[in-house]
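One line per chain: the protein sequences are L and U, in this order. Heads up, the first sequence is in my numbering, so the first residue is 26 and it goes up one at a time. Heads up, the second sequence is in my numbering, so the first residue is 53 and it goes up one at a time.
No lab work stands behind these hints, which were simulated from the structure alone. We put the beta carbon where it would ideally sit given N, CA and C, even for glycine. A portion of the hints provided could be inaccurate.
Unchecked claim - Partial list, computed: chain L residues near chain U (C-beta under 10 angstroms):
no. : residue
1   : Tyr59
2   : Asn61
3   : Phe63
Claimed, not checked - Simulated DEER-style distance windows between Cβ atoms:
no. : chain 1 : residue 1 : chain 2 : residue 2 : range
4   : L       : Pro67     : U       : Thr82     : 17 to 23 angstroms
5   : L       : Ser38     : U       : Lys65     : 38 to 44 angstroms
6   : U       : Ala61     : L       : Glu108    : 42 to 48 angstroms
7   : U       : Ser59     : L       : Asn50     : 34 to 40 angstroms
8   : U       : Asn109    : L       : Ser38     : 29 to 35 angstroms
Claimed, not checked - Chain U is nowhere near these chain L residues, computed Cβ spacing over 10 angstroms in every case:
no. : residue
9   : Gln26
10  : Gly41
11  : Gly52
12  : Thr55
13  : His82
14  : Ala87
15  : Phe89
16  : Gly96
17  : Gln123
18  : Leu134
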Amino acid sequence: QTVVTQEPSLTVSPGGTVTLTCAANTGAVTSGYYPNWFQQKPGQAPRALIYSTSNKHSWTPARFSGSLLGGKAVLTLSGVQPEDEAEYYCLLYYGGDQTFGGGTKLTVL
Amino acid sequence: QVQLVQSGAEVKKPGASVKVSCKASGYTFTSYAVHWVRQAPGQRLEWMGWINAGNGNAKYSQKCQGRVTITRDTSANTAYMEVSSLRSEDTAIYYCARGDSRTYIDYWGQGTPVTVSS
């Protein structure tokens, strides 16, 4: 069974840049894992941000971007806003199953 | 606009079953997949499975195989997710979401809280 690992928590200053990563115990994450990224705020349903590594949904703010780096999927937030404080989850496809990471709690301070 | 509206909160006893519905609107229901995801209190999101709303084929996670059944009614544009032999560990918010088989999930339902308690 695939285990997907994310940083448990990160802190960033308003206006700064932060990178969240998503790794798999099956090996290097490639485009074939179709990484998705979601944002979830307390008491709310998740909101989709990025799909298939780097594609944005129509509602995704420009400051969010996705990529692959060093065998991991990466979500980069540039020019962080206070409203970006949330939990971020990645989702990977592998062997017919999909698996979420443990989530990264992003604090904007 | 695309909307997924789920049924209301449920309270069940251990050993019972629960069936959650997800009514879709604003798009062609049979052209997309519906995924089911749950989140236990304070825990990570857990992908449970998905159904091809066009042909009705469903795929389940290894953990959910055997106790979870996902179906759909194309005449009602509604997907369903049933969990049988409920345990306290099944207490969670259950979400449906639209997507395809592997590359993306985009729109989400509002979530359905299910509490399993004696």
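Hints versus structure:
no., hint, verdict
1, Tyr59, "5 angstroms, holds"
2, Asn61, "6 angstroms, holds"
3, Phe63, "8 angstroms, holds"
4, Pro67(L) <-> Thr82(U): 17 to 23 angstroms, "35 angstroms, violated"
5, Ser38(L) <-> Lys65(U): 38 to 44 angstroms, "49 angstroms, violated"
6, Ala61(U) <-> Glu108(L): 42 to 48 angstroms, "28 angstroms, violated"
7, Ser59(U) <-> Asn50(L): 34 to 40 angstroms, "36 angstroms, holds"
8, Asn109(U) <-> Ser38(L): 29 to 35 angstroms, "48 angstroms, violated"
9, Gln26, "6 angstroms, violated"
10, Gly41, "26 angstroms, holds"
11, Gly52, "18 angstroms, holds"
12, Thr55, "13 angstroms, holds"
13, His82, "6 angstroms, violated"
14, Ala87, "18 angstroms, holds"
15, Phe89, "15 angstroms, holds"
16, Gly96, "20 angstroms, holds"
17, Gln123, "4 angstroms, violated"
18, Leu134, "22 angstroms, holds"
Of the hints listed earlier, those the structure fails to meet are numbers 4, 5, 6, 8, 9, 13, 17, in rising order.
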